[in-house]
Amino acid sequence: MKRTVFRNRWLPYALVAPQLVVTIVFFFWPAFDSLRLSLYRASPFGDRLIFIGSGNFARLLGDPAYFRSVATSFAFSLVVTFVGLALALLLASLANARIRGLAVYRTLLLWPYGIAPAVAGVIWLFVFHPSFGVLPYVLSFVTAYQFNWFLKGWVALTLIVVAAIWKQFGYNLAFYLAGLQAIPGSVLEAASVDGADPIRKFFAITFPLLSPVTFFLFTLNMTFSFFDTFGLVHAVTQGGPGDATSILVYRAWKDGFDGLQLGYSAAQSVILMLLVVALTAVQFRYAEKKVTY
Amino acid sequence: MKRSLVIVLVAVAMLVAGFPSTSVAATEIQFWHAMTAVLGDRVNDIATKFNASQTDYVVKAVHKGSYPETLNAAIAAYRAKQPPHIVQVFEVGTQTMLSSGAVYPVYQLMKDNTIAIDWNDLIGPVKSYYSSGGNLYSMAFNSSTPILYYNKDLFKKAGLPDKAPATWDEVEAMAKKLQAAGVKCPFGSAWPSWVLVENMHAYHDQPFADRSNGFDGLATVLRINGPFGVTMMELLARGSKEGWFTYGGRLNKAEALMGAGECGIFTTSSAYLGNLTRASEGKFTWGTGFLPRLAGFPQGNSIIGGATLWVMKGARPEEYKGVAQFFKYLASTENQAWWAGVTGYLPLTNAAAKAMEASGHYAKNPHQKTAVNQMNSGKTTPNSQGIRLGNFNSVRDAIEEQMENIFSGNKTPKQGLDDAVARANEILKEFAALYK
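Heads up: the protein sequence lines correspond to chains R and H, in order.
Residue 110 in our numbering sits at position 110 of the first sequence, with consecutive numbering throughout.
Residue 32 in our numbering sits at position 32 of the second sequence, with consecutive numbering throughout.
What the hints contain is simulated information worked out from the structure, not anything from laboratory work.
Source: prediction; values computed, not measured.
Keep in mind that a hint or two might mislead.
Claimed, not checked - If you want the footprint, here are the derived chain H segments under chain R, 3+ residues with CB under 8 Å:
1. 304-318
2. 393-402
3. 420-434
As the list claims (entries may be wrong) - Which bits of chain R does chain H cover? Going by a derived footprint, with three or more residues having C-beta under 8 Å, they are:
4. 43-51
5. 236-249
6. 260-266
Using N, Cα and C, we set each Cβ at its ideal position, and we do this for glycine too.
Could you build the full structure based on these sequences and the hints that come with them?
Structure below.
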C-alpha cells in the first residue's frame, strides 16, 4: 500500500477529527454510558439510581427466556445471511448474463433496498396476514393447515426472515454484480477452452474471486440482521407470538423503552455489543485468511 | 465541523433571540399528547378554543407519538430539564408517574392557584384510579372501558336473535353457531390482557395483584393464576382450539378483523365506537352490550383505560397558573360533555353525563350509553377500583406472551398463567426494590 506523507504534522489529525468526533459522540459516549447504567437499578425519571453491581447481568443469565432470545437471534441472523447471500449470488449471476432488458431487471432487483425495514415488514405482513393475506389464501387451496402467525411461532419467524432477506437483497445483489463484472473475461474464456462447464467455472473461478465481496457482505448482513431488523420486528410481530421473534435487539429496546427498566435494558445492550464485537473479531481473524484479494 | 458548529450556534442564538418576541404577550404552555387522527384534531380544537377564550396563555398541543413514546419523550425532556408542562400518560403509566417524584399533583396545583373544582363530581372509577390518599394526582382526560360488540348481519346469517350475549356460556354457544354458519372470526377480542385478564378479574371481583391491586402500596405478586383466571383461560384456550375464538394479535390489532366485518362477537374498548362506525358504514350493522359474565363468580365492575394529564415539576409559577386555568376550562361541564360526545370516551363527571342525557345525545347515540350503563350497574370493590402496578407495561407483555402460548396450545392454561405470574413478580419486585 502506498504511504501518503503529510508535510504538516497536524493536518492528518484535522482530517480525521470530524469522523473521530462523530464516533466518540455517537458511539463511545453512549456505549460507556450503557456500560455504567448496566450496573445500576435506575428509575425512569432518574431520581433513583441504586448500584447493584452485576445484578442486572445475573438476572439476565439466570433467565431461560434470555437464552432463547440469544438462540433465536443467532438462528435468525445465520439464516438471513446465508439464504440472503446465496439468493443474491444466484440472481446476480443471472443478471450478469447478456440478456435483453438487463438494465431494467437490475433496477427492479435493487429496488427493495430503498425501503425502510419497518415498511418492508408491513408489506410482508400484508402478504402473510391470516385474514386478508395472499399467501394464506393461496395455501388454503393446498392444505387445511392454518398459517396464523399471531399464534404460530415458526410462521412468524419465517415471515420476518423472508422480509429481512428481501429487504437486504438489493444491496447484496449490487455488490455481487459489481464483483462479477470485475472478474476478467480472459480467465473465464481460458477455462472454457480447457473444457470447464459453467458450474465448474463458477466454483473454481467465480466464487473464489468473489470471496472478498462475500466476506464483506457476510459481516455486513450479520450486523444488519442483529441490529437493523428492529424496525421489522416492531412493525410486524412485536416479538410474539410468545417470545418466538423476540430477538436480542428487540428485547433490549422493549425492556428499556416500553418497560422503562433502564439498567436491565442497558445490561442487555452491553451483552449485545460484546457479542457483535466478538463475532466481528472472529470473522476477521479466521474468515479473512480464506479470502483472496 | 467548525462551520457546522457555527451554523448551529447561530441557529440557537436566533431561536433564543426569537423567543421573547413570541412569548412576551402570552405565556406558552406545552401540552404533549398521544392522540391521533380524529382524536388528535379534537385535542387541537380544545387548545384552539382555550387560546381564543383568553389572552394570557397559549396552549401548544404537540403530538409525541404513541402512549409509550409520549411518556418516553416526557422522561427524556424532564431529565434534560426541559419538561413539558402537561403530558398525557396512559393508565398503565400511573404508578410510574406517582412514584417518579417528577409530578406536581393536580389537587395541589388547583389549591395553590385558588381554583375550586368539585372533584367529588368525578365518576367513581376515574376518581379512585387517579387519586392517592384521597387526593387527585392527575387531571382526568380520556377514559374508556371495554364493552361487547356484535355484528348483526352475521347474527342473522347464523340464525341468532338480535341480542348481545350476556354470559360466557352464551358467547360460547353463539360463537359455535356463528362458526357453523361459516363466520371466520366467531368471537374475537382486542387488548388481550386489558380486556380478557385485567378487566375480567375486576368485573368478577377477583384480585389481580396483591395489596388491593397496588392501591395499598406497591404490589409485588400477581394473582391471575387462581381458579377464576384458570377457568377464564381454559374457556378461551378451548375456543381457540375448537375454532370459535380467533386470536387477532396484541394491542388493538384484532380490531381490524371486527372492522372488516369478519367477527360475530367482539370485545374491545368503548372508544372503538367511532372507528367502528366509520369502518362499518354502508357495509354492516352492529350492536353493543355489556361484557359477558362468567357463571359462579361474584359481581364487580369493569375498570377504565385511557389516559390522564400529568403536570410536570420544573416550570415557573406563572406558567402553572396558566396550566390551572386550562384545567379549569377543561373541567367545565360544557367541555366535558362536548369531549365525551365527539370522541366516545366516558363522560368524566356526573354533571356532564346528566347534560348529555338532557341534550338528547344518548337518544341519538345509544351505543355511547352502553359503557356508562355497564359501569353504573357494577359494584366498586377493592378489586374493581383499578390496577396500579410498577413497570405495568412489562407486566402486560409478560401476560400477553403467555396468553399466546396458551391459545396456541403450547402451554396449558395453568402452566401459562403460572409462568406469566413468575415473570411478572420478578418485574414487580424490581420496581418495588427501586422505591423501597
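Now for the hints, and whether the structure bears them out:
1. 304-318: Three-residue rule not met by the region 304-318 of chain H, so violated; n is 0.
2. 393-402: Since three or more residues must qualify, the claim that chain R covers the region 393-402 of chain H holds, with 6 doing so at under 8 Å.
3. 420-434: holds (count 6)
4. 43-51: holds (count 7)
5. 236-249: holds (count 6)
6. 260-266: With 3 residues close enough to chain H, the hint holds.
Checked against the numbered hints above, the structure violates only hint 1.
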